[in-house]
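*Asks:* Chains as they are written, first to last, in this note's numbering: chain A, 316 to 629; chain B, 316 to 629.
Because the hints were derived from the structure by calculation, they are not lab data.
Treat the hints with care, as some may be off.
[To be verified] Lysine to any residue pairs mimicking SDA-like chemistry, simulated, CA-CA at most 20 Å apart:
| id | chain 1 | residue 1 | chain 2 | residue 2 |
| --- | --- | --- | --- | --- |
| 1 | B | Lys409 | A | Leu503 |
| 2 | A | Lys614 | A | Ile560 |
| 3 | B | Lys409 | A | Glu365 |
| 4 | A | Lys616 | A | Asp546 |
| 5 | A | Lys409 | B | Val373 |
| 6 | A | Lys550 | A | Gly532 |
| 7 | A | Lys409 | B | Asp447 |
| 8 | B | Lys409 | A | Asp447 |
| 9 | A | Lys409 | B | Arg449 |
| 10 | B | Lys409 | B | Asp462 |
Bear in mind that the values here come from a model prediction, so they are computed numbers and not experimental data.
Number of protein chains: 2
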Amino acid sequence: MSLESELIAWLQENLPTGPRLDIGLGDDAAVFSGEGSGKQVVTTDLLTDEVDFLIDEVQPEQIGHKALGVNLSDLAAMAARPVAAFVSLVLPRKGTASCAALDLAIGLYQGMLPLAERFDVTIAGGDTNSWDGRLAICITAFGETTDCGPLVRSGGQAGDQLLVTGQLGGSILGRHLQVEPRVHEALLLNERYELHAGIDISDGLALDTSRLAMASGLGATLNLPALPLSDAASKLSEKDARSPIEHALSDGEDFELIFAVPDDEATRILRDQPLEIPITRIGELTQQPGLWQQDATGKQKPLQPQGFEHGGQA
Amino acid sequence: MSLESELIAWLQENLPTGPRLDIGLGDDAAVFSGEGSGKQVVTTDLLTDEVDFLIDEVQPEQIGHKALGVNLSDLAAMAARPVAAFVSLVLPRKGTASCAALDLAIGLYQGMLPLAERFDVTIAGGDTNSWDGRLAICITAFGETTDCGPLVRSGGQAGDQLLVTGQLGGSILGRHLQVEPRVHEALLLNERYELHAGIDISDGLALDTSRLAMASGLGATLNLPALPLSDAASKLSEKDARSPIEHALSDGEDFELIFAVPDDEATRILRDQPLEIPITRIGELTQQPGLWQQDATGKQKPLQPQGFEHGGQA
């Protein structure tokens, strides 16, 4: 049996089906039932060995988790409810130093399945290939908007406060693999509060903030002393010449969410703290274009939108 | 500007938007409007240099055409109407012998766009990456069923006649790149006639017929003298020791459609010949399991389901 057939046999045993999946594995395409009024939200991310992970330093399960996690983070950034995911693999034909190609593939799926179950995502199909090159994994995730509609980047207004979930910086020490997509957080906030715009931090707070601001036709000021710093940002800072704040601004792969919300709504959210993770006010959208930093004295100067130039959706 | 940013800029200039695309490039995900009653049909295919094409022997436009074409062929095999496609690329950082990475990417899209326009598919987003490895391109296509429902592999019944569109064999001489997805053909046949099951020929007539039969819990007999042979099958046969029929059975990448239809309906279709390409009766589904060949004398013997073990959807 070929690698591909063996993997399909494993998948047919091990992939749960979802209530809305009419046709899953084993046909030319998957067929789903829609849920009436919701719009469809689709995102795709392709991860590769050496760029997004180092295959000899991590477990296949961690790669699988990350590959699905970054896609769910994109759905979270749209305040969409996840529905299904499609997984395409190109496997190194001879496997890796520590595992055969089939075991690698199964490990990838075993990393995805717990996350898929937690977020009620059906892994509904995909495509499996092998070659002499290194591992690449492409996931397309599919969700739908709630009655509150999608949360886009372009809805920000001048004077909107910028809020961020969780803590930032130093993801390279491990958090970049243990992606915790903020799906429930985004759905809850979008349902209970008036949110104008949102984006997830994949390429760095500074760069992703400037993307949200530009999509809204505005600028943004970040209040540097207010940034919620992760322990990893401090730890990394001890090893290099960069401050924890610099790490928080540009490390990327935090997979936290930035929201632009009206001033009074921001006050309400900060008072309520309705999530299990902190929400912090980190700045605001401004008529003045560009990205700006504010220090403890309130002084402003330009801030370079540094980060990992990944490109995001497109 | 990074390669990714440059490509996004090009895409924003050059990708048409569709009437149902609420949010396209430039956000975390794309947002679509559904069309009421239709179910969602999703397929994904990942193509790689050296396996699916040889980058130094073809134009980027041909690769782009093929990558989208094979996905549309999967939608055709489900009798689904295409809606949108999402394109993820991993580009060789230094480009190819004849073009830079950005030109390669633009060439890929330029190959997709005419096909997308012909089939009313919106290219709605994707993800662009580069690495030291070779080109891989992953497309996820998204369609919806019509009122006639999806055409699945598993609906075949014993005694159903097997029909095939077009001509088979020898696709390696060029047709494997010039994929002509049989979308309109599938929609027309599914609307006007009672079709029980369908599949597209990606891995070879013998292998894909056996897949359809197995999914239906049946066997199949192929009537070898009846197979519609392409000129390319004959041409290839002159170069090697294999007959045109062998090429038609196992070459793969014909991207024609096999249908299982009730006997009287098959007669009607063959009499009407409602398509611009021929439809030919090539065999039937049988209670007897396995794949069988029938020669001109009517004698039956087992037929090996040879072809390219790709795996298809999964």
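*Asks:* Work down the list of hints and note, for each, if the structure agrees.
*Replies:* Right, here's what the structure says about each hint:
A C-alpha spacing of about 44 Å is found between B/Lys409 and A/Leu503, which places the hinted pair above 20 Å, so the restraint is violated. Straight-line distance between C-alpha atoms of A/Lys614 and A/Ile560 comes to about 16 Å, which keeps the hinted pair within the 20 Å bound. The suggested pairing of B/Lys409 with A/Glu365 holds, with an alpha-carbon distance near 16 Å, which does not exceed 20 Å. For the proposed pair A/Lys616 and A/Asp546, the alpha carbon gap of about 27 Å is over 20 Å, so the pair is violated.
With a C-alpha separation of about 27 Å, the suggested pair A/Lys409 and B/Val373 falls outside the 20 Å cut-off, and the hint is violated. A hinted pair counts as satisfied when its Cα atoms are at most 20 Å apart, and A/Lys550 with A/Gly532 does not qualify at roughly 36 Å. Proposed proximity of A/Lys409 and B/Asp447 is supported: the alpha carbons are some 19 Å apart, at most 20 Å. Distance check on the hinted pair: B/Lys409 and A/Asp447 sit about 19 Å apart at the alpha-carbon level, within 20 Å; holds.
Taken as a hint, the A/Lys409 and B/Arg449 pair is honoured in the structure, with Cα atoms around 17 Å apart against an allowance of 20 Å. With a C-alpha separation of about 48 Å, the suggested pairing of B/Lys409 with B/Asp462 is violated against the 20 Å cut-off.
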